[in-house]
Amino acid sequence: MKIVACYSFKGGVGKTAAAVNLAYRAAQSGQRTLLIDLDPQGASSFYFRVRPEAGSKWKKQTLEQTDALMGQIRESDYSNLDLIPAQRSLRNLDILLKQTDSRETVLRRLLKKISQDYDLILLDCPPSVSRLAENIFVAADLILVPVIPTPLSERTYDQLVRFFKDKDYDRKKLLPFFSMVDARKQLHRDTALGMRQRYKRILRHAIPYSTDVERMGVHRAPLDLFARGRQANRAYLALWEEVELQLEGIG
Amino acid sequence: MNYYLELKKSLSLSELAQLTRMKVCAERLEQRQLCVLDTVDWSIWMSDQVLLHVAGKRLELYDRDDQLRVAVHAKRWPSFITQLNDPLFEALNPLVCVRALLPQFSSQWQEQSSAFLNNDDKIVARATLYHLVDATPTTSFFLKIQSLRGYDQEAQAIVNDLNSVATACQSAITLKFLLKRCGLNPDPPATKPAFHLNPDQPTTEAVMGMVAELLRLARQQEEGLIADIDTEFTHQYRVNLRKARSLLSLFKKALPPKRYQTLRSELKKIAQATNRLRDLDVFLLDQDNYRAMLPTHFQPGLDDLFKRLKRRRQQVWRKVTVTLKKEDYLEHAQLLKLQLKEPPDLSARHSGMAIKKQVSRKILSQYQKIQRYGARIDAETPDEQVHEVRIEAKKLRYLLELFAELFSYDQLRRLIKALKKLQDNLGRFNDYSSQCLFLESLLSGAGIKTAERDAINGLIAVLYSKRQHERGQVVDMIAAFSGTEIAEQFQELFTDAAAQDGGS
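Chains A and B, in that order, give the protein sequences.
Each residue of the first sequence is one higher than the last, beginning at 1 in this note's numbering.
Each residue of the second sequence is one higher than the last, beginning at 252 in this note's numbering.
Since the hints were made in silico from the structure, they are not lab data.
In this text, all values refer to a predicted model and were calculated from it rather than measured experimentally.
No residue lacks a Cβ here, since even glycine has one placed at the ideal position from N, Cα and C.
Accuracy of the hints is not assured; some may be wrong.
Claimed, not checked - A partial selection of chain A residues facing chain B, derived with a Cβ cut-off under 8 angstroms:
#1 R49
#2 E53
#3 K57
#4 E64
#5 D67
#6 L69
#7 R74
#8 L175
#9 D182
Stated by the list, open to error - If you only want the chain B side, here are some residues facing chain A, beta carbon under 8 angstroms, derived:
#10 D371
#11 I374
#12 R400
#13 G401
#14 E405
#15 L560
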């Protein structure tokens with residue numbers, strides 16, 4: 001079982017769209033996939049039309065007992081794809097994590113316990129630097145980081161790399177890819193070129209800026225369901241295949 | 252979680268939606284036209300799988316959880332699985348082996364798949380509605396509701412809402428369940444004898460009953476043998492007769508000499524008719540192995556050889572069918588049956604001894620016989636003496652297996668396993684020897700071409716080398732089976748029973 005996080009310090013960079021479409025692609029390719037929506041805004045859950053069970057909460061017990069977490073799993077409409085939907089109590093997750101003894105490894109230990117049921121766990125992460133984020137950095141085998149090729153996003157990514165360096169996290173886990181790319185913009189082209197020279201691990205395939213991605217909110221479904229032949233959908237497929245290759249390289 | 256319901260009447264999707272106050276979305280409507288394929292003894296069905304020829308287009312194999320294991324395009328089904336490619340061949344081979352696939356049952360029904368949606372238009376449960384037109388006694392309707400993970404409460408609510416039109420089904424709605432409701436009721440013929448022995452039964456009575464049962468099982472194969480469905484009918488026919496003959500010979504002291512002689516010669520006459528047929532069947536079944544033994548340029552010669560043997564096999568089979576239908580044969584078989592039914596004659600020396608005691612003694616003495624015969628074998632001993640050990644080992648195997656119900660099978664299993672190892676070696680040695688002889692006999696055939704002669708000689712050379720290899724292992728195999736470890740196990744298991752009081 002592999003754990004992949006979709007993470008960014010910065011909001012609005014196409015993180016949830018990537019999590020939703022990549023989770024769908026992974027499931028379609030036959031991998032038993034679990035998408036965990038850790039972002040209290042719950043956009044992934046919304047796209048998959050999944051609400052949490054009334055009264056269910058992330059509490060201390062959820063972090064300690066597999067059953068409590070398993071009880072939150074809900075099957076999506078698509079084969080091989082399950083979800084743990086977001087809920088308001090996620091706002092308190094950071095406090096809960098701070099109360100535990102093992103600090104950064106809680107999430108990894110918890111997820112390893114449900115590894116029998118899944119080949120891939122995808123984490124849709126909230127845009128913050130927190131104890132939760134640190135748990136995610138330890139738990140994930142790969143961390144996909146969407147980066148809009150603009151100076152501000154570049155700076156954010158630099159900060160993330162520095163943070164990893166300072167905290168001595170494994171920087172090889174970081175797998176950036178360009179998101180919301182507008183190839184007509186000189187700025188996007190130049191920034192992308194510059195970043196590719198500085199960061200060799202940036203994925204080859206980029207996600208274009210597309211209204212189809214915005215329309216996911218109307219259709220409440222992955223792109224493949226309503227925009228199959230469109231560029232953005234093809235880009236997610238190519239990106240998934242690249243990520244899959246990277247995952248195969250992890251023991 | 253799955254819920255299985257039997258509906259009192261047919262329900263449309265809009266009626267389902269109305270009753271459950273949910274959106275119901277149609278997903279797939281399928282008309283299933285099925286033909287169940289299986290061997291005469293239902294080996295696929297008995298292993299909890301189902302092989303179907305669907306809509307005259309596809310072969311589909313389902314496992315015990317109703318999962319489609321393999322599907323292949325096929326307008327017609329093959330009589331034998333050797334005509335199939337992987338992976339269907341691989342999946343069926345352990346179950347079907349050389350048996351023919353027969354169309355055992357045909358039926359049809361309608362399957363409507365649909366989904367129940369909540370207010371977010373999220374699927375919470377999937378449903379399949381089955382409409383069984385061919386059901387017995389009347390048309391039947393079933394509904395399978397499968398909740399999606401995390402939505403069991405919703406599925407339960409759906410089931411509750413259908414209370415007025417449905418009742419809970421007694422068992423899961425599986426492929427097997429539906430086929431049974433359409434009237435399929437497999438009744439595989441018993442292939443293993445059931446003797447129901449009583450340990451204290453007099454030997455002669457027990458043995459006569461067993462021989463009669465084995466004769467019945469042998470004769471049960473005649474119909475399939477005559478119809479030439481597959482080679483297994485001839486094989487089972489012979490195996491049962493061989494066991495019967497072996498039993499008679501092992502317990503001849505429990506029968507008056509005259510009666511033993513009559514029964515022995517009657518059984519021999521019956522069994523002899525199929526000797527040649529089985530030899531040819533075995534050779535033809537092993538075609539692929541023989542082909543693999545020789546390089547490519549021998550293949551045309553092998554083609555000629557197998558063509559010739561197939562023709563000969565058909566001639567021999569026709570002769571056998573004539574024999575089996577002859578009044579003479581039927582009279583012999585009937586006479587044998589009547590003789591076996593005659594009241595036991597207790598005048599012979601061991602006739603009244605309790606069967607368990609007698610068998611225990613017999614097993615011990617048979618094992619000792621193998622030890623004795625085996626001790627004479629070295630690397631130079633003539634083949635005939637090696638074959639004698641093989642025959643005695645086979646008799647011991649029959650004793651252990653046919654009378655297994657009198658003992659603890661778990662304990663016997665270890666001995667049978669050790670014996671089987673020896674038998675496999677001796678069996679291969681014998682097979683290679685007799686195959687060489689069989690092939691040598693073919694060399695004298697009139698009009699035989701050079702290519703075929705070369706192929707035969709090539710096979711003889713390979714088989715001879717294999718035979719020598721097996722012969723090289725015989726001494727060690729016998730030594731292992733005769734050794735202290737196995738000997739002690741035989742003593743431990745059978746000495747007490749052999750010494751028990753009871754019977755005369």
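So, going through the hints one by one against the coordinates:
{"no.": "1", "hint": "R49", "in the structure": "holds, 4 angstroms"}
{"no.": "2", "hint": "E53", "in the structure": "holds, 7 angstroms"}
{"no.": "3", "hint": "K57", "in the structure": "violated, 15 angstroms"}
{"no.": "4", "hint": "E64", "in the structure": "violated, 21 angstroms"}
{"no.": "5", "hint": "D67", "in the structure": "violated, 14 angstroms"}
{"no.": "6", "hint": "L69", "in the structure": "violated, 12 angstroms"}
{"no.": "7", "hint": "R74", "in the structure": "holds, 3 angstroms"}
{"no.": "8", "hint": "L175", "in the structure": "violated, 29 angstroms"}
{"no.": "9", "hint": "D182", "in the structure": "violated, 33 angstroms"}
{"no.": "10", "hint": "D371", "in the structure": "holds, 4 angstroms"}
{"no.": "11", "hint": "I374", "in the structure": "holds, 5 angstroms"}
{"no.": "12", "hint": "R400", "in the structure": "holds, 4 angstroms"}
{"no.": "13", "hint": "G401", "in the structure": "holds, 3 angstroms"}
{"no.": "14", "hint": "E405", "in the structure": "violated, 11 angstroms"}
{"no.": "15", "hint": "L560", "in the structure": "violated, 48 angstroms"}
The structure does not agree with the numbered hints 3, 4, 5, 6, 8, 9, 14, 15 stated previously, though it agrees with the rest.
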